[in-house]
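**Q** Residue numbers (the working numbering), protein chains in the order written: chain S, 1 to 408; chain D, 1 to 408.
Among the hints, erroneous ones may be present.
Each pair may be met inside one copy or between any two copies, as identical chains are not told apart.
[To be verified] DSBU-like mimics (lysine-lysine), calculated; alpha carbons at most 30 Å apart, straight line:
id : residue 1 : residue 2
1  : Lys387    : Lys96
2  : Lys34     : Lys371
3  : Lys353    : Lys259
4  : Lys72     : Lys353
Hints listed in this document are in silico derivations from the structure and should not be mistaken for laboratory results.
2 protein chains.
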Amino acid sequence: MADVTAVSPLAPDRFPDLPVISGVRFATTAAGVKYQGRTDVMLAELAPGTAIAGTFTRSSTRAAPVLDCEAKIGTVSDAGAAILVNSGNANAFTGKAGVDAVAAITAKVASVCDIPQSRVFTSSTGVIGEPLPHERITGILADLRANLDAGRIADAAKAIMTTDTFAKGAAATVKIGGETVSIAGIAKGSGMIAPDMATMLVYIFTDAVIEQEQLQSMVSAHTNATFNCITVDSDTSTSDTLIMAATGASGVDASDSTKFLGALHDVMLELAHLVVKDGEGATKFVEVAVTGAQSDRDAYVHAMSIANSPLIKTAIAGEDPNWGRVVMAIGKSGAAADRDRLSIRFGDVEVAKDGWRSAAYSEADAAAHMKGQDIVIGVDLGLGGGKATVWTCDLTHGYISINADYRS
Amino acid sequence: MADVTAVSPLAPDRFPDLPVISGVRFATTAAGVKYQGRTDVMLAELAPGTAIAGTFTRSSTRAAPVLDCEAKIGTVSDAGAAILVNSGNANAFTGKAGVDAVAAITAKVASVCDIPQSRVFTSSTGVIGEPLPHERITGILADLRANLDAGRIADAAKAIMTTDTFAKGAAATVKIGGETVSIAGIAKGSGMIAPDMATMLVYIFTDAVIEQEQLQSMVSAHTNATFNCITVDSDTSTSDTLIMAATGASGVDASDSTKFLGALHDVMLELAHLVVKDGEGATKFVEVAVTGAQSDRDAYVHAMSIANSPLIKTAIAGEDPNWGRVVMAIGKSGAAADRDRLSIRFGDVEVAKDGWRSAAYSEADAAAHMKGQDIVIGVDLGLGGGKATVWTCDLTHGYISINADYRS
Numbered sequence: 001m002a003d004v005t006a007v008s009p010l011a012p013d014r015f016p017d018l019p020v021i022s023g024v025r026f027a028t029t030a031a032g033v034k035y036q037g038r039t040d041v042m043l044a045e046l047a048p049g050t051a052i053a054g055t056f057t058r059s060s061t062r063a064a065p066v067l068d069c070e071a072k073i074g075t076v077s078d079a080g081a082a083i084l085v086n087s088g089n090a091n092a093f094t095g096k097a098g099v100d101a102v103a104a105i106t107a108k109v110a111s112v113c114d115i116p117q118s119r120v121f122t123s124s125t126g127v128i129g130e131p132l133p134h135e136r137i138t139g140i141l142a143d144l145r146a147n148l149d150a151g152r153i154a155d156a157a158k159a160i161m162t163t164d165t166f167a168k169g170a171a172a173t174v175k176i177g178g179e180t181v182s183i184a185g186i187a188k189g190s191g192m193i194a195p196d197m198a199t200m201l202v203y204i205f206t207d208a209v210i211e212q213e214q215l216q217s218m219v220s221a222h223t224n225a226t227f228n229c230i231t232v233d234s235d236t237s238t239s240d241t242l243i244m245a246a247t248g249a250s251g252v253d254a255s256d257s258t259k260f261l262g263a264l265h266d267v268m269l270e271l272a273h274l275v276v277k278d279g280e281g282a283t284k285f286v287e288v289a290v291t292g293a294q295s296d297r298d299a300y301v302h303a304m305s306i307a308n309s310p311l312i313k314t315a316i317a318g319e320d321p322n323w324g325r326v327v328m329a330i331g332k333s334g335a336a337a338d339r340d341r342l343s344i345r346f347g348d349v350e351v352a353k354d355g356w357r358s359a360a361y362s363e364a365d366a367a368a369h370m371k372g373q374d375i376v377i378g379v380d381l382g383l384g385g386g387k388a389t390v391w392t393c394d395l396t397h398g399y400i401s402i403n404a405d406y407r408s
Numbered sequence: 001m002a003d004v005t006a007v008s009p010l011a012p013d014r015f016p017d018l019p020v021i022s023g024v025r026f027a028t029t030a031a032g033v034k035y036q037g038r039t040d041v042m043l044a045e046l047a048p049g050t051a052i053a054g055t056f057t058r059s060s061t062r063a064a065p066v067l068d069c070e071a072k073i074g075t076v077s078d079a080g081a082a083i084l085v086n087s088g089n090a091n092a093f094t095g096k097a098g099v100d101a102v103a104a105i106t107a108k109v110a111s112v113c114d115i116p117q118s119r120v121f122t123s124s125t126g127v128i129g130e131p132l133p134h135e136r137i138t139g140i141l142a143d144l145r146a147n148l149d150a151g152r153i154a155d156a157a158k159a160i161m162t163t164d165t166f167a168k169g170a171a172a173t174v175k176i177g178g179e180t181v182s183i184a185g186i187a188k189g190s191g192m193i194a195p196d197m198a199t200m201l202v203y204i205f206t207d208a209v210i211e212q213e214q215l216q217s218m219v220s221a222h223t224n225a226t227f228n229c230i231t232v233d234s235d236t237s238t239s240d241t242l243i244m245a246a247t248g249a250s251g252v253d254a255s256d257s258t259k260f261l262g263a264l265h266d267v268m269l270e271l272a273h274l275v276v277k278d279g280e281g282a283t284k285f286v287e288v289a290v291t292g293a294q295s296d297r298d299a300y301v302h303a304m305s306i307a308n309s310p311l312i313k314t315a316i317a318g319e320d321p322n323w324g325r326v327v328m329a330i331g332k333s334g335a336a337a338d339r340d341r342l343s344i345r346f347g348d349v350e351v352a353k354d355g356w357r358s359a360a361y362s363e364a365d366a367a368a369h370m371k372g373q374d375i376v377i378g379v380d381l382g383l384g385g386g387k388a389t390v391w392t393c394d395l396t397h398g399y400i401s402i403n404a405d406y407r408s
């Protein structure tokens, strides 16, 4: 039986040192929403005028807090703002009671932070279909506000965890015209992870000056190439939320900075990779790189077909260079492929070329690559210039243990 | 660790008594294609004038024997015919060598059975990407022909198995104008099972008189409602093949018989269910019945999203009535759904209604249903008259053990 409480073997050695972002303060507490003996509520207070952008799950059964955030994102305001997150209960599929819970929480946050209710963004993550005991949250908000501190982002990363085995953070600093701006982000997520976001909550903060519309376009563009390119189990959550806040406290305008755009991409990709590395039961981090497709979209469809295939994911868990299953996943994807132009490699080992096993193929070399912790599956379709790279993990006894042997 | 050699707990008590179909004779042998100590080649010889229809995987990387069968199906001939199947090697992604192997085998079968090569249909199932040692098959064909016997369909069902834990057969007899016609079918398949067929081989025989075109339309129609409505792991094989042969030996014309059509449907559905019941690691047989969708297609998309969800399949393995995951799977499917009109039941237990947990919901009752071997998940979308039913199994440690712990 897999040990389902152990930290993922793919976890970084430690939580990174994240820069303090001027204009953001954090507080966390143990409100006992569901979990006992750990923090489960996080408040982030944002300075007046902070620009806020977001991307959300496209599930048709999305949760009440997601619908509330979506309705609020996109407006510009000089007022302060706040993000309130609870773990343990997703407040999803909870009907009118769910809507009422969001209203009660956002009203109370607005009141204690002295900001408009339209500037309060909430997320809930955890079990679906249970009423959220919102009074446990509203009851501790005044205390939470009193404990806000700019240095507590690591605590915030911990409070939003559910089945995560480690807290996730990433950061970057960028020089723009001799001035420094910083980006710091946190994320949670370890199962129900697939494109269109995932059971994944991501909060990214910067002290740069960026207008709301520009911030939204940066976040949307990067989401497609980062969080929408990861999958753990092909399942998509009702609660996925990414919120980015630009406080402007540095006074440095980053709206047109390609350096900033690049740094933001790197922070988002790092957070996306950390989510995969905490995939339930994961023991291998897998990159699937598809080239030579008829279009980027076709390449993405093939890559996701490979990354979501249970037979490929179990073969990786078994350290088996079973490239026949890669052929199968390409064949079933629905995107264009010509069997006789297909090339496949595991790491640097070419296993198949032009529709058959490579003449130079060494099973021992391929097997050696599969023994590593970082696996690369490369596919060239030989049809055009389309390409895509996605990331996933293996499918192990640990996934079954986490999701079958224990009630969630 | 799951016992991966045990017979599926969902297996029938015994292989059914199948009627002898006049005009078909079977022989099997242990050719050592890959397996040792078991039969791995099956020959079925068909009487002159037998009508032959088929459906095949839609994988874009389909195997050489599949391409050969597809090219031959649809013609009408007064000659005899033959079906030759080997297990252990799929002859898939084997380039020109694969085509040559099919040519060598079909030529030899034609020669020993004295029929045109265009009337020889072959299937290969097993590992992908290894050259098929076809001389091991051509070398034993004369002996195989000498041992043909009308009563050996059960042996045929055994010889085509790969990771199957039990042989699969189903039959029906129909009275048409006072005369009896019979249908007998065999199937193999236990992993890489998803719509668009699966790692699944199916051979169905009848002594009824049916013209080729009519036979093809019967088979195609029923395939959509049977074999394309099952899934074990969402993976689709490169080799899926269903061939139906009508020998006409009874002299009874069934071309326009709705009774025959119904009986054929039942045989195909029974074989499809048996494939799911031998799903790798399966311990529960699961029916997903969706009603109230905007269209039948939407209902099918929702049903397959539920049936393929790893989180739902692991919850079923854990006997957990985790209906929140059903909400998730509906939300991610891409088909139309309105969260607030959704009803969900497990067996006869209504768990959710109109977008929230039912007032009368009893967790104990739902949990009791999940402890059974036959699980029913019912979903009503409340949007229209579209409906679909699909079948799957749970996702257990056994699946991981079969596919990760052992080299295939």
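**Q** Could you run down the list of hints and mark each one as holding or not?
**A** Quick rundown of the hints versus the structure:
1. Taking CA atoms no more than 30 Å apart as the test, lysine 387 paired with lysine 96 passes between copies only; the shortest distance there is 28 Å, against 44 Å inside one copy.
2. In this assembly of identical chains, lysine 34 and lysine 371 lie within 30 Å of each other by CA distance solely across copies; the values are 26 Å between and 39 Å within a copy.
3. Within a single copy, lysine 353 and lysine 259 get their C-alpha atoms no closer than 39 Å, and across copies no closer than 51 Å, so neither meets the 30 Å cut-off.
4. When the C-alpha separation of lysine 72 and lysine 353 is checked against a cutoff of 30 Å, the pair qualifies only between copies, where the shortest distance is 29 Å, while the shortest distance within a copy is 51 Å.
Hint violations for this structure: number 3 only, all remaining hints satisfied.
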